[in-house]
Amino acid sequence: MKLNDALLGGFFLVLALWIGAEALTMPRMSGTVIGAGTFPLIVAAIMAVGGAVLMVSGLRYLADGPIAALQPWLAQRDALRRAGATILFVLLYALLGQTIGFPLLVPAMMVALLWLTTGRPLLSLILGGAISAGVWLLFARILMVPLPLGLLARLIY
Amino acid sequence: MDQLLTAAVTVFQPGTLAIIIGAAIYGLLIGAIPGLTATMGTALLVPITFFLDPIPAIGAIVTASAMAIFAGDIPGAMMRIPGTPASAAYTDEAYKMRKQGKLELALGVNLFCSALGGLIGVAVLIIGAPQIARFSLGFSSYEYFWLALLGLSCAVLVSNASPVKGLLALALGLFLSTIGIDVVMGSRRFTFGETPLIAGISIIPVLIGMFAIGEILRRMADPVPLPAVPPVRLGAMIRGVGQAMWRWRIGIARSSGIGAVIGALPGAGADIASWVTYALSKKFSREPQRYGTGYPEGIVNASAANNAALSGAYVPALVFGIPGDTITAILIGVLMMKGITPGPMVFVTNTGMVDAVFVIFILANLLIIPLGLMAVLAARRVMAVPQPVMFPAILLFCVIGAFASNNAVFDIWIMLGVGLLAFLLEENGFPLPPMILGLILGPLIEENMMQSLIKSNGTLLPFFERPIAGTLGVLTLIVWSAMAWSALRRRRTGTEAGA
Numbered sequence: 001m002k003l004n005d006a007l008l009g010g011f012f013l014v015l016a017l018w019i020g021a022e023a024l025t026m027p028r029m030s031g032t033v034i035g036a037g038t039f040p041l042i043v044a045a046i047m048a049v050g051g052a053v054l055m056v057s058g059l060r061y062l063a064d065g066p067i068a069a070l071q072p073w074l075a076q077r078d079a080l081r082r083a084g085a086t087i088l089f090v091l092l093y094a095l096l097g098q099t100i101g102f103p104l105l106v107p108a109m110m111v112a113l114l115w116l117t118t119g120r121p122l123l124s125l126i127l128g129g130a131i132s133a134g135v136w137l138l139f140a141r142i143l144m145v146p147l148p149l150g151l152l153a154r155l156i157y
Numbered sequence: 001m002d003q004l005l006t007a008a009v010t011v012f013q014p015g016t017l018a019i020i021i022g023a024a025i026y027g028l029l030i031g032a033i034p035g036l037t038a039t040m041g042t043a044l045l046v047p048i049t050f051f052l053d054p055i056p057a058i059g060a061i062v063t064a065s066a067m068a069i070f071a072g073d074i075p076g077a078m079m080r081i082p083g084t085p086a087s088a089a090y091t092d093e094a095y096k097m098r099k100q101g102k103l104e105l106a107l108g109v110n111l112f113c114s115a116l117g118g119l120i121g122v123a124v125l126i127i128g129a130p131q132i133a134r135f136s137l138g139f140s141s142y143e144y145f146w147l148a149l150l151g152l153s154c155a156v157l158v159s160n161a162s163p164v165k166g167l168l169a170l171a172l173g174l175f176l177s178t179i180g181i182d183v184v185m186g187s188r189r190f191t192f193g194e195t196p197l198i199a200g201i202s203i204i205p206v207l208i209g210m211f212a213i214g215e216i217l218r219r220m221a222d223p224v225p226l227p228a229v230p231p232v233r234l235g236a237m238i239r240g241v242g243q244a245m246w247r248w249r250i251g252i253a254r255s256s257g258i259g260a261v262i263g264a265l266p267g268a269g270a271d272i273a274s275w276v277t278y279a280l281s282k283k284f285s286r287e288p289q290r291y292g293t294g295y296p297e298g299i300v301n302a303s304a305a306n307n308a309a310l311s312g313a314y315v316p317a318l319v320f321g322i323p324g325d326t327i328t329a330i331l332i333g334v335l336m337m338k339g340i341t342p343g344p345m346v347f348v349t350n351t352g353m354v355d356a357v358f359v360i361f362i363l364a365n366l367l368i369i370p371l372g373l374m375a376v377l378a379a380r381r382v383m384a385v386p387q388p389v390m391f392p393a394i395l396l397f398c399v400i401g402a403f404a405s406n407n408a409v410f411d412i413w414i415m416l417g418v419g420l421l422a423f424l425l426e427e428n429g430f431p432l433p434p435m436i437l438g439l440i441l442g443p444l445i446e447e448n449m450m451q452s453l454i455k456s457n458g459t460l461l462p463f464f465e466r467p468i469a470g471t472l473g474v475l476t477l478i479v480w481s482a483m484a485w486s487a488l489r490r491r492r493t494g495t496e497a498g499a
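Sequences listed follow chains A and Y, in order.
Counting from 1, one number per residue, gives the positions in the first sequence under this note's numbering.
Counting from 1, one number per residue, gives the positions in the second sequence under this note's numbering.
Hints are computed from structural coordinates only; laboratory data are not their basis.
None of the values given here were measured: they were computed from a predicted structure.
All clues given are correct.
Covered by chain Y, according to a simulated footprint, are these stretches of chain A (three or more residues, beta-carbon under 8 Å):
1) 6–19
2) 29–41
3) 45–55
4) 75–85
5) 90–100
6) 112–121
7) 134–148
All C-beta atoms, glycine included, are put in the ideal place defined by N, C-alpha and C.
Here chain A stands alone, though its shape is the one from the complex:
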């Protein structure tokens, strides 16, 4: 998504103000102005100056085009669906991974995502299973990462 610089500059300005306000409340060393907020305050000042400059320069071009526009490749319905599915994949794993577990959740999600990208259900089923198994093998078996078993834990233990 392409945004006008005024909008982006405004975002950085607001962020800088918030960082600065937080930094001012941080503890200081007794008898000095130096403290936990010194460095964040400097960062906030840099960000505020940069944000203001960007905002002003963006305002000059406000009349020339829309304030926000989708990139041509992202404006197509299929492209948006695939991009949305990518984000949903991560969200679902973060939300349900611990509860449902890797062995049940990931193959299902992989098959669904591959089906969406390839349009071939059988191939997606085979590849989804194989890719999930490969990642499980690498992380859980070789690198000993405790990937969540979720629902299966109750059956196994």
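Place chain Y on chain A using the hints.
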């Protein structure tokens, strides 16, 4: 020499060697597949290196990145799609050679010049780094503060984007580095009551988010169909290369040297080295009119330079802990996770590790030749992997890789958040390298700044009183003036904004 031999024994341990060869093959795959950059490949490697000892971890990153930079030339020559941005400068030239039936010569020149350029870069690293380290042993917090600040400022200046946007990306990275417990007072900052944030933002999910998630989103939404790849004959790849390299030997030496120096500048990595040396080789060429027509001279120079830059980037990274490019920034992050803080003291207290890095670099650049030949021959199969299959698999790897560093779901949220932010920023012309450099160098700058402020009772004059600190301070101010001038010029010419 004896030290290097001792280090070689460490590196040539079967386990370490197997990891290096595995990383080499991985790097070749990453580089050969259009859309996967060397930085993204290195970021994806980090979750694995987290579980390795320091030397195999460094070996994996150094070898994979060196291989990826070379392998990026393969799709460039075959399909006119550079595998990594470092190959973009001479992609057209190499593709024109393919159209003239000289694909093998283009690839052969790429391969051997990459290896030679890389080795010259390693020589610069081996000779230069210990000397600079010895010189900088007397540096105090003032010098380190200015050095880190100068590094960050250069990263913004050479980021090839609007200086204002580069500065904002840097500020964002610096802000992220302040999250967690502060170095002076030990108080919590910007943690929002979240326990996982007390230790600060974990580097692995940030790296994956920043360099992989955005690219995956882009490629998933807009897969680029790849054209057919022609077959390659091994004999024809080797024939004629020696003659070409001998003919342009001075250019190779010059470009490798320049590449190593450019690589050592913070923020200016292999891609900038490649563009600069291509332009310079044309300027110094006896036949500049042949550039752009499928003439190998530019390829010879630029492909030597981009691999030399990779080695050069490790000079400031090892000596000062200041990364020359995003790949070395990642390596510094990995070393810090393992409790090793790069700096001149590493050359005194951890000489074994430094020598092992040198040996790994030599090995990686020598491995480019046999493995690179195999990669070129296997390229048709590698590039046949369909993107609609490859990117979902990489996405899963990213999710589990982000989780694996701390076994924390919170890191997946960090990865997604940073990934979406980085995607939005990149789409709007913000460079990402200053942001990652800010995140990694932030604690170094803050620590040295606070130490210096405490020593000087809060006054700024002592920051300029020591000769080297003063020189670095003035240089930093010059870079800032250049940035301000560049921003004003852009504003006047109207290239700053837009919707």
